[in-house]
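To convert, note that position 197 of the sequence shown is 197 in the UniProt record's numbering; the numbers rise steadily by one, no gaps.
What the hints contain is simulated information worked out from the structure, not anything from laboratory work. Worth double-checking, as some hints may not be accurate.
[Claimed, not checked] Pairs of lysine to aspartate or glutamate, EDC-like flavour, derived with a Cα cap of 20 angstroms:
#	residue 1	residue 2
1	LYS586	GLU561
2	LYS508	ASP572
3	LYS376	ASP539
4	LYS376	GLU430
5	LYS376	ASP487
6	LYS416	ASP104
7	LYS586	ASP535
8	LYS376	ASP426
9	LYS376	ASP560
10	LYS376	ASP357
11	LYS586	ASP42
12	LYS416	ASP99
13	LYS586	GLU548
14	LYS586	ASP457
15	LYS586	ASP539
16	LYS376	ASP34
17	LYS376	GLU484
18	LYS376	GLU548
19	LYS508	ASP566
[Said to hold, decoys possible] Pairwise CB distance ranges (calculated):
#	residue 1	residue 2	range
20	GLY277	GLU504	36 to 46 angstroms
21	GLU162	ALA237	20 to 30 angstroms
22	ASP139	ASP535	29 to 39 angstroms
Built from N, CA and C at the ideal position, the CB exists for glycine as well.
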Amino acid sequence: MWCRRRLQHDLSLVSVATVLGIFLSLVSSSCVPDVHSSFLSDPAILQDEAITAAFAQVQQNLSSLFATTSSDGLSFAVVHASGPGLAFSFNHGRLRMNDSSSPDITSDSIFRIISVSKTLAAFSALALENVSRTISAGDPTIQPLSLDTPVRNVLPSFNLPENDWLNGGSEITLAMLGTHSSGLTREGYSTDYNMVAAQGQANADYIGAEWASVTPDEVLQYLSGRNLMFAPGQRAAYSNAGFAVLGAAISSYRNSLLGLDEPWTDYVQNDIFGPLGMTRSFFGPPPTPDLRDQLAVPGVSNWADLVLDGYNPAGGMSSSASDLAAYLHQAWLAPTPRLISPTQRRQALQPRIALPDGTQQVGFGWEIPLVTTPDKTYFVYGKSGNGGGYQAWVDVVPNLGYGLVVLSQASGEPNKTRIRPTAIRDSVHEILIPAFEAALTNLMARRFAGNYTVATDSGLIADEVATTGTNSTATGPQSYGLLEVQDGSMFLRTLIVNGTDALEGIDKLGWGANATSGGRFFSVPGVGSGLNPSDAVGDAAQLAPGGEGVTIWRAIPELDECDWFDFGGYTDQNGWPLSQVAIVEKGSGAVELHYPPFDIVLTRSEPV
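Take these sequences, add in the hints, and give me the full structure.
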């Protein structure tokens, strides 16, 4: 029988027409949604020809750096969402540049990572926030930590000059510290260095090395008398002092919460490095002879033995490519993150401040350049470090499921070029981003694209859908669907149920009473409707226990820009959104397309 459905929403059909009518003049889409998160961790991605060819190109490019150009040391790695091991690695150079008999660098070699430490400081705040929520759930008297918590609430010794304190300084939050938007100065110490008298001589001999031994309390004492650079929240400006305060605030809150008296470094060593298996990561001197033997030493004046104190959260960490890859995977790439919740991760992987050039943004512990391909723009969440003969960089491209680590040290050899991790990461992303786009597109097509011609009634409601098969000889109205992948997006080209165009039916809601034509946003000729993946679990659980094997997809109105209005509030009589379909992968290998508003299940008969 022909399918009819009753719209369940407080708004009338006229209201729907009004909403959709806003877009009547817009008929094309330039918005490519992300792939469904379930694809990102599929190990098959790494076997795709696009990825293997890309890794071969990266290998060739990195090798060419050392043919005649550079003699620096390099440890490079790519990590993928499918596992914590290295998906690709490249190492070159002597571990100790001042020792001709030194062993070569490996992925386990330990480098000073300088300001890359900041991403671990930010993560430690998120991990403690998560712990505090668990504890406060059992004890309502405990105030859980939040990134929006004012620093003064958890670190009573934090203070500023009165004018700045009254002009927003008392409202500086942990989030402001982690996004360099607190207004605090770059450093929390002063010296007798005279820039006019010693231009070009900004080194330890002229500036002094006392900053390394500054304690957290001394940083706070100095800042209490130092005016802010700008009003809190006004803009972002790099601040090592801000991260020193962030570490002190985290430590203060944790000690109060758990009745401890431990520095921030002990917290990170025990509660972050330990659970994540980062056995080659530490602050200060290498804690064992074995780790000291794995420490990289540049061939120039260096910070191999530099010991920090108050500035450890800003730049005191040592680590290896393998450890940092494990961190990137477990915290930011794995299907389920360690130590933080999925919601925390989604929020942390969001820009908080946009810089005026339109190409850079700042996140909580992240520097975020925008990388544009012919199809879309990606936010690359990274952090750089540079100092004392070392350079470091980590990046995560969460929407493509990979990250990278670049660690280097200067050889100091004359007439040789210094490696620039920024240039390496830029050139690698130019290769890997389109490769991962292609691999994910191929995977999506293999898993879901095809003709769906075997129709059955879902049984959700009383209406019936005629059962059909690939060899059906029925002469009545037929049911079928077509899913295709194009330019990284999945499209529901056609969805016919008992002879009725279901996608056109959604559009007809906006045409008005008795109208025979109108705007087409979900049934654009030759396009159909683009599908936007959703990680929401409620609807998925309706189709399989725990939503196992179910992916939810929202139909996207075809506009000339990314649409962020959603019509999911318009539902069938069972509450299923009219603009939503589900794809169910069965253990038998069968793939089903579900559209509950028309009470239909279509099974894929052939891939395309």
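Here is what the structure says about each hint:
1. About 35 angstroms separates the Cα atoms of LYS586 and GLU561, which puts this hinted pair outside 20 angstroms; it is violated.
2. With a C-alpha separation of about 15 angstroms, the suggested pairing of LYS508 with ASP572 holds against the 20 angstroms cut-off.
3. With a CA separation close to 28 angstroms, the supplied pair LYS376 and ASP539 exceeds the 20 angstroms bound.
4. For the proposed pair LYS376 and GLU430, the alpha carbon gap of about 14 angstroms is at most 20 angstroms, so the pair holds.
5. Our distance criterion of 20 angstroms between C-alpha atoms is met by LYS376 and ASP487, whose separation comes to about 10 angstroms.
6. For a cut-off of 20 angstroms, the pair hint linking LYS416 to ASP104 stands: about 19 angstroms separates their Cα positions.
7. Proximity of LYS586 to ASP535 is assessed by CA-CA distance (about 19 angstroms); at most 20 angstroms being required, the pair is judged to hold.
8. With a C-alpha separation of about 17 angstroms, the suggested pairing of LYS376 with ASP426 holds against the 20 angstroms cut-off.
9. Proximity of LYS376 to ASP560 is assessed by CA-CA distance (about 13 angstroms); at most 20 angstroms being required, the pair is judged to hold.
10. The straight-line distance between the Cα atoms of LYS376 and ASP357 is roughly 18 angstroms, inside the 20 angstroms bound, and the hint therefore holds.
11. Restraint check: the Cα-Cα separation between LYS586 and ASP42 comes to about 17 angstroms, which is no more than 20 angstroms; the hinted pair holds.
12. For the suggested pair LYS416 and ASP99, the alpha carbons sit about 18 angstroms apart, so the restraint of at most 20 angstroms is met.
13. For the suggested pair LYS586 and GLU548, the alpha carbons sit about 9 angstroms apart, so the restraint of at most 20 angstroms is met.
14. Only pairs whose Cα atoms come within 20 angstroms are accepted, and LYS586 paired with ASP457 is accepted, the gap being roughly 17 angstroms.
15. Pair hint LYS586 plus ASP539 holds up; C-alpha atoms about 17 angstroms apart against a cutoff of 20 angstroms.
16. Between LYS376 and ASP34 the CA atoms are separated by roughly 9 angstroms; this keeps the pair inside 20 angstroms, and the hint holds.
17. A hinted pair counts as satisfied when its Cα atoms are at most 20 angstroms apart, and LYS376 with GLU484 qualifies at roughly 19 angstroms.
18. A threshold of 20 angstroms between alpha carbons decides the hint, and for LYS376 with GLU548 the separation of about 30 angstroms lies outside it, so the pair is violated.
19. Restraint check for LYS508 and ASP566: satisfied, since their Cα atoms lie roughly 16 angstroms apart, inside the 20 angstroms limit.
20. Roughly 54 angstroms separates the CB atoms of GLY277 and GLU504, a value that falls outside the hinted 36 to 46 angstroms.
21. The beta-carbon spacing between GLU162 and ALA237, approximately 22 angstroms, falls within the hinted interval of 20 to 30 angstroms.
22. For ASP139 and ASP535, the Cβ-Cβ distance of about 31 angstroms falls inside the hinted range of 29 to 39 angstroms, so the restraint holds.
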